[in-house]
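2 protein chains.
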Amino acid sequence: MHRLVSGTAQFQFMIDQMTEDLESYLKSRRERVDSVLRALLPASRTKPATIHEAMRYSMFRGGKRLRPILCLAAAEACGGELNLALPPAAALECIHTYSLIHDDLPCMDDDDLRRGNPTSHRKYGEGIAVLAGDALLTVAFEILAETLSTRRYELRDYVSELAVASGSRHLIGGQVLDLENEGQKKQVSTEMLKTIHQSKTAALLRSSCRLGAMTANAAPRKLSAVGDFGFDLGLAFQVIDDILDVTQSSGKLGKSSGKDQAAGKATYPALFGLKGARAEAGRLTERAHRALKPLGKKASKRLHEIADCLLDRNY
Amino acid sequence: MHRLVSGTAQFQFMIDQMTEDLESYLKSRRERVDSVLRALLPASRTKPATIHEAMRYSMFRGGKRLRPILCLAAAEACGGELNLALPPAAALECIHTYSLIHDDLPCMDDDDLRRGNPTSHRKYGEGIAVLAGDALLTVAFEILAETLSTRRYELRDYVSELAVASGSRHLIGGQVLDLENEGQKKQVSTEMLKTIHQSKTAALLRSSCRLGAMTANAAPRKLSAVGDFGFDLGLAFQVIDDILDVTQSSGKLGKSSGKDQAAGKATYPALFGLKGARAEAGRLTERAHRALKPLGKKASKRLHEIADCLLDRNY
Chain A
1 MHRLVSGTAQ
11 FQFMIDQMTE
21 DLESYLKSRR
31 ERVDSVLRAL
41 LPASRTKPAT
51 IHEAMRYSMF
61 RGGKRLRPIL
71 CLAAAEACGG
81 ELNLALPPAA
91 ALECIHTYSL
101 IHDDLPCMDD
111 DDLRRGNPTS
121 HRKYGEGIAV
131 LAGDALLTVA
141 FEILAETLST
151 RRYELRDYVS
161 ELAVASGSRH
171 LIGGQVLDLE
181 NEGQKKQVST
191 EMLKTIHQSK
201 TAALLRSSCR
211 LGAMTANAAP
221 RKLSAVGDFG
231 FDLGLAFQVI
241 DDILDVTQSS
251 GKLGKSSGKD
261 QAAGKATYPA
271 LFGLKGARAE
281 AGRLTERAHR
291 ALKPLGKKAS
301 KRLHEIADCL
311 LDRNY
Chain B
1 MHRLVSGTAQ
11 FQFMIDQMTE
21 DLESYLKSRR
31 ERVDSVLRAL
41 LPASRTKPAT
51 IHEAMRYSMF
61 RGGKRLRPIL
71 CLAAAEACGG
81 ELNLALPPAA
91 ALECIHTYSL
101 IHDDLPCMDD
111 DDLRRGNPTS
121 HRKYGEGIAV
131 LAGDALLTVA
141 FEILAETLST
151 RRYELRDYVS
161 ELAVASGSRH
171 LIGGQVLDLE
181 NEGQKKQVST
191 EMLKTIHQSK
201 TAALLRSSCR
211 LGAMTANAAP
221 RKLSAVGDFG
231 FDLGLAFQVI
241 DDILDVTQSS
251 GKLGKSSGKD
261 QAAGKATYPA
271 LFGLKGARAE
281 AGRLTERAHR
291 ALKPLGKKAS
301 KRLHEIADCL
311 LDRNY
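If you read the protein sequences in the order shown, they are chains A and B. Just so we're aligned: the first sequence equals residues 1 to 315 in my numbering. Just so we're aligned: the second sequence equals residues 1 to 315 in my numbering.
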């Protein structure tokens, strides 16, 4: 009887897997991550209330949750359990949101709109925006510390993975290069543009996939594979971001569009034209697909779907 | 022969301990921490160079290294090894330095001088200053991840201890309250002033001592004791800071003095007068001394000395 029940449950699970389309998959993963974030971020009324309101304001007004979804999907692709990947998934979104708050500051990109709402400093003032970013960066590691060790990976590996990807040599370093190259009279080289994209976006997307795979105790070959996938996907993602900045309205994007051009920023469309940029995004997505080979087709189905979906996105 | 040599070495060690005065003790611990920081922070020429220069600029121009020294001294007081406490000690200084960089920003306390030099944003501009702070906060956790587990404590405990003390409910929360109460027409209450001091200073000094004790595998009773010591010491430290802001020159302090008064900030001298503030600092230091009782007099000698030294400081 026991076997029958669990057999039926498993069969039902397989049906669910087959019929569940990508949209509902993404929605269900977003909801899981959001419910963890809602539970783990201090409540808005926790004193001092301003900072906790500001943290939640930036966290819970929109956002695709791409990094957490990649983390969860990579864990699942490596045969891991969704639940075990939730702490790094939530931590990744804290890092991403903090970086948006700080990048939007007047002393950086000076943006008024983010995820369809006034940016943190427009809503709470610059001081609180800086501190809300700091607090999300800090809580990311507090949340990450909840991740359980596997046979191959322990907390030290998770912390080091996230800290390096979001530190001065990658995420923060990319923003430094962006700042330094903005509005320069000299045309930014293709190489520099690639370095900026690698640092600002690709490195954290690589780590998103790797952290998920680590919670699944992935063998080194699979860990590398999902990491490479995430990296190429990150490059493609950023090229598409550049394209959308030119072709879409602010309302559609939920952030100010056309800003890159106005700021004289180096972008793929500026260097290669829209057609050239689209071709490059396609090439990078193809490379991402190929990277997944060691995982097998069936296991990596969702990751493939996510890559295609990001290539076709219009917001 | 082997026994004789090691016996002699131990005897020499005891002599060194007895004759080494506090000043040389502090100097040697500062040097140990600095050499770890020099080794673990990315080199100034690491690309992008600006951010790594800015991180090192704020880190290596002065600073008492109080938090790392407390961490090391607490480890030694609990019978631990100095070397094992170096990673959290270095991480604590990264957290402290990042918080100074961000607190000095124009949108916060707007300070020009820190540790006797131009503040980070005066030297590198606001954007880089924000990012240098972010990078030091991030690298703190990368460094902390090097801490070895003991029988009682593991990395999860260390990360959680540091993240909570430096997060939105303590260090960052204190800066929020400071911002919100600055220049208010209404006199700030004694209770609010205490809350600000607890959050901004005492919580991280408590964690400095606790992290050191944890690397020494301290029993819960001793861990609590050094934590209470650090907390009271932190409160005393902040009262003395308020006093020095009134009585000392900027040159002596290495930061702008008289700023609290000018900004209409709540301080102990403003609420209780200089004499009252000095008495309060003495009371808090006494309480810190008493907290150390469970450690025994001999083991906690250095911690007692540090407390007395901080009470008498004039910079």
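Errors might be hidden in some of the hints.
Lysine-lysine pairs mimicking DSS-like chemistry, simulated, CA-CA at most 27 angstroms apart [to be verified]:
hint	chain 1	residue 1	chain 2	residue 2
1	B	K123	A	K265
2	A	K186	B	K47
3	B	K186	A	K47
Only some residues are given here: those of chain B computed to face chain A with a beta carbon under 7 angstroms [claimed, not checked]:
hint	residue
4	L82
5	Y124
6	A163
Note that these hints are calculated values from the structure, not bench results. For every residue, glycine included, the Cβ atom is placed at its ideal position computed from N, Cα and C.
Going through the hints against the structure:
1. Restraint check for K123(B) and K265(A): the C-alpha separation of about 24 angstroms stays at or below 27 angstroms, so the hint holds.
2. The hinted pair formed by K186(A) and K47(B) meets the criterion: a straight-line CA distance of about 20 angstroms does not exceed 27 angstroms.
3. A distance of roughly 20 angstroms separates the Cα atoms of K186(B) and K47(A); the hinted pair therefore holds under the 27 angstroms criterion.
4. With a least beta-carbon distance of about 21 angstroms to chain A, the hint placing L82(B) at the interface is violated under the 7 angstroms criterion.
5. The restraint placing Y124(B) at the interface with chain A is violated, with a minimum CB-CB distance near 10 angstroms, outside the 7 angstroms limit.
6. Hint on A163(B) holds. Least Cβ distance to chain A is approximately 4 angstroms, under the 7 angstroms limit.
Consistency note: the structure conflicts with the earlier hints numbered 4, 5.
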